[in-house]
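Peer 1: Sequence:
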Amino acid sequence: MSYTIPGGQPQGKPIFVTSKLREAMVAELTAINDYTFHIANSKMKEVNKVWRMIMLDEKKHYGMFLTLLRKYDPAQYQAYVYFHNTKEEVTEPVQHYTPDYDNQLIMNLIRKDLKGELEAAVLYDEYAEKITYPDVKQVFASISRDEKYHVEHLTKLLLRYDSDPYNGLQ
1 MSYTIPGGQP QGKPIFVTSK LREAMVAELT AINDYTFHIA NSKMKEVNKV
51 WRMIMLDEKK HYGMFLTLLR KYDPAQYQAY VYFHNTKEEV TEPVQHYTPD
101 YDNQLIMNLI RKDLKGELEA AVLYDEYAEK ITYPDVKQVF ASISRDEKYH
151 VEHLTKLLLR YDSDPYNGLQ
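Numbering (the UniProt record's numbering), first residue to last: 1 to 170.
Heads up, simulated DSBU-like pairs for lysine-lysine below, C-alpha to C-alpha not over 35 Å straight-line:
| id | residue 1 | residue 2 |
| --- | --- | --- |
| 1 | Lys45 | Lys115 |
| 2 | Lys43 | Lys148 |
| 3 | Lys59 | Lys112 |
| 4 | Lys156 | Lys49 |
| 5 | Lys71 | Lys87 |
| 6 | Lys112 | Lys43 |
| 7 | Lys148 | Lys71 |
| 8 | Lys148 | Lys130 |
| 9 | Lys71 | Lys137 |
| 10 | Lys112 | Lys45 |
| 11 | Lys156 | Lys43 |
| 12 | Lys112 | Lys60 |
| 13 | Lys60 | Lys115 |
| 14 | Lys115 | Lys49 |
| 15 | Lys49 | Lys148 |
| 16 | Lys59 | Lys115 |
| 17 | Lys49 | Lys60 |
| 18 | Lys49 | Lys59 |
| 19 | Lys71 | Lys49 |
The following label-pair restraints were derived from C-beta to C-beta distances:
| id | residue 1 | residue 2 | range |
| --- | --- | --- | --- |
| 20 | Tyr149 | Thr36 | 14 to 22 Å |
| 21 | Glu129 | Tyr72 | 15 to 23 Å |
| 22 | His84 | Asn108 | 35 to 43 Å |
Rather than coming from a laboratory, the hints here were simulated on the basis of the structure. What you are looking at is a predicted structure, and each value in this text was computed from that prediction instead of being measured. The beta-carbon is built from N, C-alpha and C at its ideal position, and this holds for glycine as well.
All chains should be modelled from the sequences, with the hints used to inform the complete structure.
Peer 2: Next comes the structure, spelled out in structure tokens:
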């Protein structure tokens with residue numbers, strides 16, 4: 001069973017603070033996967049540069065949420081300690097990917113990314129308001145600010161490449 005709705009976004013119904021953190025991690029992983037896919041399937045260097053910058057932020061956000069989860073969920077911390085102390089050897093290289101540039105509509109991908117950033121900001125603002133743990137509240141508020149910057153950065157790209165007007169946006 002998947003906790004996410006079609007398209008990978010979380011359902012937005014957890015009760016426990018640890019579940020809210022996990023939900024946020026799902027949102028960040030969805031964003032990381034989407035940006036990675038978009039970069040792999042685009043030849044537009046300027047767009048790829050923006051996507052990569054945002055993707056690196058999303059990876060940072062994932063790490064921030066996981067750090068808090070380990071702090072507030074003893075079982076998660078125990079699993080971290082176990083795997084941190086377990087040596088695993090990677091024996092095969094990462095699978096190669098052949099991009100399919102012909103089937104990509106970059107403007108649709110940018111709008112899809114904007115949708116995801118807006119959904120994340122809605123979710124994180126709500127949690128920053130409701131959660132009583134000061135450090136968790138601060139992380140949600142901080143990451144929500146980042147998501148709002150991502151909206152503006154992606155909107156700038158959209159306005160640059162989309163020939164249609166957006167009610168006079170600049």
